[in-house]
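Enquirer: From first to last, the protein sequence lines are chains F and D.
Residue 749 is where the first sequence starts when you use our numbering, and the numbers rise one by one after that.
Residue 749 is where the second sequence starts when you use our numbering, and the numbers rise one by one after that.
Treat the hints loosely; a few may be bogus.
The list makes no distinction among identical chains, and a pair is therefore deemed to hold if it is satisfied within one copy or across any two copies.
Unchecked claim - Calculated cross-link-like contacts (lysine to aspartate or glutamate; reagent style EDC-like; alpha-carbon spacing at most 20 Å): (1) Lys885 x Asp946; (2) Lys919 x Asp946; (3) Lys919 x Glu895; (4) Lys869 x Asp955; (5) Lys885 x Asp921; (6) Lys885 x Asp924; (7) Lys885 x Glu805; (8) Lys869 x Glu825; (9) Lys885 x Glu952; (10) Lys919 x Asp907; (11) Lys869 x Asp806; (12) Lys885 x Asp920.
Hints were generated in silico from the structure; no laboratory data involved.
Here the structure is a predicted model, which means the values were calculated and not measured.
2 protein chains.
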Amino acid sequence: MPEHLPPSDRTRVRRVPQRGHYDRETVHAIVDAAYLCHVAFTDAHGVHCIPTACWREDDHLYVHGSNGSRMLRALAEGGQACVTITHLDGLVLARSAFHHSMNYRSVVVYGRFDVVPAEHKPASLDRFMDRIAPGRKLQVRPGDASELAATTILRMPLDESSAKVRSGGPKDDEADMAIPVWAGVLPITMGRGTPQPDGDIARETPDYVRGWPCTAA
Amino acid sequence: MPEHLPPSDRTRVRRVPQRGHYDRETVHAIVDAAYLCHVAFTDAHGVHCIPTACWREDDHLYVHGSNGSRMLRALAEGGQACVTITHLDGLVLARSAFHHSMNYRSVVVYGRFDVVPAEHKPASLDRFMDRIAPGRKLQVRPGDASELAATTILRMPLDESSAKVRSGGPKDDEADMAIPVWAGVLPITMGRGTPQPDGDIARETPDYVRGWPCTAA
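Construct the complete structure from the given sequences, taking the supplied hints into account.
Expert: Pasting the structure below:
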């Protein structure tokens, strides 16, 4: 994949085009900051939008779930899908109602999913675990044959993707700058709450748990 | 709308059905906690998944944007759409790789959008502003005729909707309970960062700005 993706007719950002980004680094960073995505697809019942966990390996986005999932079965048939990841970064309060906005980072990916072959599933799930909790894959019971067999993993190339990013303060009309109202940004971040251990058996606290508590903003 | 929505063939939760909720109170609470949704729809280019700001009025979900938006123009034609709101509440770390999960609250709505008539647009945008920043509509410059004319507002009934919620700790197999690994939940919240005022003119700080800073967890 080249460093800069030529935008397709679907990925070119048209509303406020200066917010569009097509470079691999920007797209990857937004994907890697996410734990979940929304997947749009169609089946005999119409169009659907389903949230699911996701992770990236190289230039592919991965999702997984039970073989029985209606979404995974539909996506595995290889129909066209659109996957979107959005981070809301703030509410932008302007001096006029019209110029209120939001700060965000989003990626939209168009494509079709492929089924990850059985022999690649363990390594792929390890990558996912490393994304969630580095090193944990060596501490938990790994998936056994029946658990792996019950799990479908799908991946979609990031080839037809684009990012859209808004940051910074309000963009007010010059004539409104003297309006006596607070203007600025109310930042939104992913907050981390205090880890909640399960059960009463004392275990060593791993780094990814120790480092978790609120580091927001 | 009745207090309990009978699930449709599309909204009935099938994977882990005990996580499904069809009562108005649960659906409304999840919608009201969100600033944005993801909208899935189809047009001549295929299926799309686009994030956009949203708000609720009674039993409808509202979105808005420029008349020039491809999404709004497609949705205004009244085709079937699916709107999803997801709050990620935590990473659930189990003793086996297989039972790792996420805590979340989500709502999926199926339906078609109607165009909000011009005469109702000011009141509807006031409702949206009140949701973001109560009282602010009286402090900013309201939309003028051309700004209102340039804005499309659409609404979709919440009639065909369902919620899916997971909360609590890991559900491990009995045989795995003695595995010596930390297990529990890493909570995720919407964090609020320190407000960033725009410009250097001193203004009174409204309650919705004073009350904003990090109250996560």
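Enquirer: Look at each hint and say if it fits the structure.
Expert: Quick rundown of the hints versus the structure:
1. Lys885 x Asp946: within (18 Å within a copy, 46 Å between copies)
2. Lys919 x Asp946: between (47 Å within a copy, 10 Å between copies)
3. Lys919 x Glu895: between (52 Å within a copy, 15 Å between copies)
4. Lys869 x Asp955: Neither way: lysine 869 and aspartate 955 sit 26 Å apart in one copy and 51 Å across, limit 20 Å.
5. Lys885 x Asp921: between (53 Å within a copy, 17 Å between copies)
6. Lys885 x Asp924: between (56 Å within a copy, 15 Å between copies)
7. Lys885 x Glu805: within (17 Å within a copy, 46 Å between copies)
8. Lys869 x Glu825: Intra 18 Å, inter 42 Å, cutoff 20 Å: intra-copy only.
9. Lys885 x Glu952: Cα proximity of lysine 885 and glutamate 952: one copy only (15 Å, versus 52 Å across).
10. Lys919 x Asp907: Neither: 33 Å inside a copy, 37 Å across copies.
11. Lys869 x Asp806: Classified as within: same-chain Cα gap 16 Å, cross-chain 46 Å, threshold 20 Å.
12. Lys885 x Asp920: between (50 Å within a copy, 16 Å between copies)
Hints 4, 10, counting from the list given before, are not met by this structure.
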